[in-house]
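Student: One-letter residues, chain by chain:
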Amino acid sequence: MAKWFQCMKVVWSNLMVYKTNFILQSISPLFVFLFIKASLWTAIYKGAERVEIGGYDLNQMLTYHLWIMVVTLISIGAISQDLSQDIRLGRITAYLIYPFSLFEFHFSGFLARQSVKLAIALFTLFGVVLALKLPLSVTSGGWAILLALWAGLFWFFLNYFFGLLGFWLEETWTLGVMSQVITYFLSGAIIPLELYPLWMQKILFFTPFPYIGFVPVKLIMGSEVALAQAFAVLTLWIAFIALCGYGLYKRGLRLYTAAGM
Amino acid sequence: MLKQIQQYLSVYQSFVSTSFAESMNFRLHFVLLIVMDLFFYGSAFFTIEIIYNQVTVIGTWNKHQVMFFLAFMLSINQLVMTMTSEAYWRFPELLKSGELDFILLKPVNSLFLTFFRYIRPGSAFNIFFTFPALIYFGVKVDLTPLAWGLLPFFLLFAFLLQSAIDLLIATSMFWMLEGTGMNFLRMEFQQMSRWPDFIYPGLFRNLFSFGVPILLIGSGPIRFLFNPNDFIPFVAMLGACFLLWVLVALFWKKGLRAYESASS
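First to last, the protein sequences are chains A and B.
Going left to right, the first sequence walks through residues 1 to 261 as this note's numbering numbers them.
Going left to right, the second sequence walks through residues 1 to 264 as this note's numbering numbers them.
You may find that some hints are simply not true.
Below, computed lysine-lysine pairings styled on DSSO-like, alpha-carbon distance capped at 30 Å [claimed, not checked]:
no., chain 1, residue 1, chain 2, residue 2
1, B, LYS96, B, LYS106
2, B, LYS96, A, LYS19
3, B, LYS63, A, LYS19
Keep in mind the hints are simulated off the structure, nothing from the lab.
All chains, full assembly: derive it from the sequences and hints.
Tutor: Laid out in structure tokens, this is it:
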């Protein structure tokens, strides 16, 4: 346990050294994204003949996007560039002899970053609820945060998987960016999923994407959500991607030449 | 002057050929770059399609006008991704490792050598998607013959303004230890500029048109193409382009003076 804590401390102190970097890389994109969406939807509602679009009036739409920002702060993290670079440059050799594996190192880093992001998300959540006097049930809010954390775990395993492809590929950042583009689009982070074609909505609920943004937000907004299904689908995806990652690591190590030593 | 242009063109030709040779060694990455951009373009167009299933206009623009605007911005994005994007990510490393020294020693403009050295051939390939989309939506919005004639020049000006803003942000890396955050800031500005200026509230519209002129990149030329009487944003765009390139030259010189050459 002490090893995990020491690793997390290193990541925290790194975040403190490069504070501007962390804010510009992880926090401010979400605020900018919120600003663009708030401006866009306000302009859309100004020109619309109807007061409601997809069952949302303007206030509900803005609230939806505000909660999307808070939820995705927890559920969507950084991409896999570091891991694949470490593999390419032979930097993972040390972890083959350390009493702390490569996975443990990356997972502790993830926990450290996630704890900071969770603190910021909770601070924003309560700040917004108090400032704008928005209704929030503690139970559904709690479940939403838990689901977002679970989705964050999926995101970590997905990116760890992409990072491990560094055993075979020169660059893996394109996969990370691609997954980010797809996730933002299919998780309801840009447009609520109710506005998507019905056939697409049906398929989407078997994928992990709605549980990364849309479902936790609906929970916060007080809608009825099939919680058991949400956790079940997400857990299956986490198990699947984690197993694939494990297999990939085992196979990759056989190819690894420790270049750079 | 002509001789100098010829010299720079031949240097750029070498950059293109070495970048192509390099990318052919990593063919899967080459393909992934193309697919990544296509996903991005697809999601951007599909987002507008979904919105316009619910409404007929945003501001005063109909679906095809917004699609044309988006196609224009994606063409600029594609040019940036092809010609300069890679260099912005490599630049902090050049500063930290002191490798910029080797660039400064060469008898070619150091700004040119630093930011136009790395070309992404994978992204260049997507010209076969962005430009046809621009032409398709240009036909849909009934562009006048004059507008068609001006379009290539407007693309060039928009690219120059986008690059000037990006370069100004990049020069700040001389004074910062880490450049990743600044690159994210650059991308956030690009994201904001991908929507027409009229969606933003007045104060921010003015700030991002006349303070940090990111909204002029697309809205300046496109508003002029749709309505030649609406020329003020376009004139402002030309002015901003000139002013920012002067500032880039100035800050680059200042930055070089602040550069500590880590290797020596």
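Student: Next, verify each hint and record whether it holds.
Tutor: Do the hints match the structure? See the list:
Distance check on the hinted pair: B/LYS96 and B/LYS106 sit about 19 Å apart at the alpha-carbon level, within 30 Å; holds. A C-alpha spacing of about 18 Å is found between B/LYS96 and A/LYS19, which places the hinted pair at or below 30 Å, so the restraint holds. For a cut-off of 30 Å, the pair hint linking B/LYS63 to A/LYS19 is broken: about 41 Å separates their Cα positions.
Violated hints amount to a single one, hint 3; each of the other numbered hints is respected by the structure.
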